[in-house]
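Q: Assemble chain F onto chain W, guided by the hints.
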Amino acid sequence: EAQVTQNPRYLITVTGKKLTVTCSQNMNHEYMSWYRQDPGLGLRQIYYSMNVEVTDKGDVPEGYKVSRKEKRNFPLILESPSPNQTSLYFCASSRLTTGDGYTFGSGTRLTVV
Amino acid sequence: DAKTTQPNSMESNEEEPVHLPCNHSTISGTDYIHWYRQLPSQGPEYVIHGLTSNVNNRMASLAIAEDRKSSTLILHRATLRDAAVYYCILRESGNRKLIWGLGTSLAVNP
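These protein sequence lines map, in sequence, to chains W and F. This note's numbering applies: residue 158 is where the first sequence begins, and numbers increase by one. This note's numbering applies: residue 742 is where the second sequence begins, and numbers increase by one.
There's no promise every hint is true.
As the list claims (entries may be wrong) - Restricting the straight-line Cα-Cα distance to at most 30 Å, the calculated cross-link-like pairs of lysine-lysine (DSSO-like) are:
1. F:Lys810 - W:Lys228
2. F:Lys744 - W:Lys214
3. W:Lys214 - F:Lys810
Said to hold, decoys possible - Take a look, some chain W residues computed to stay more than 12 Å from chain F by CB distance:
4. Glu158
5. Thr170
6. Val171
7. Lys174
8. Lys175
9. Thr177
10. Asn183
11. Met207
12. Val209
13. Asp216
14. Glu227
15. Arg229
16. Gly258
Note that these hints are calculated values from the structure, not bench results. All C-beta atoms, glycine included, are put in the ideal place defined by N, C-alpha and C.
Next comes chain W alone, as it looks inside the complex (with noise of 0.2 Å):
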């Protein structure tokens, strides 16, 4: 079954503890990319990544890195994770065509407390 995966699906740290959300596709997609969703903000981009090794800023990247290793693969990680960073995190990826439809994973719920 085509699909992108998240682990963890939830989970609660501590300030500054340094953790990492994965995300994988079976699709063979070019294109990956990082959400958070907010309420009464939507969903804003993090990063996002063209292709293996290239990586760019979305509209909210303070806070968070990425790499881009493997095709297959697209780490977000927290170096010093905020409260502020609580949030619902979603992995999407799809082809590089411009008109093709992301698929998204099911969401990872951050705490930080």
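A: Chain F alone, transformed into the frame defined by chain W:
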């Protein structure tokens, strides 16, 4: 970034057609119009997309105005499972970015 405007909420009855409007007056010539929906506690799900011509797929139809400044997502027969937030989004041709608004929350009455 080109933006879209949608009503905050709409209501429909089961088995009836639903027309969800979207305005995108600042759309550029190469921006695609995408529609996604998000069911409670799930990730967004792709519904349909188009550039200039009307489009149909198994989920819905997309009607695009001739000047491309507005579009309408049509669900031909609403079911209870169609209750979701529907997002009308423009996908930029350069960085492939999706610019998300707050969408339309669709309620379907039995």
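Q: Each of the hints needs a verdict: does it hold here or not?
A: Hint check results:
no.	hint	result
1	F:Lys810 - W:Lys228	violated (36 Å)
2	F:Lys744 - W:Lys214	holds (20 Å)
3	W:Lys214 - F:Lys810	holds (29 Å)
4	Glu158	holds (14 Å)
5	Thr170	holds (21 Å)
6	Val171	holds (25 Å)
7	Lys174	holds (26 Å)
8	Lys175	holds (25 Å)
9	Thr177	holds (19 Å)
10	Asn183	holds (16 Å)
11	Met207	violated (7 Å)
12	Val209	holds (16 Å)
13	Asp216	violated (9 Å)
14	Glu227	holds (20 Å)
15	Arg229	holds (18 Å)
16	Gly258	violated (3 Å)
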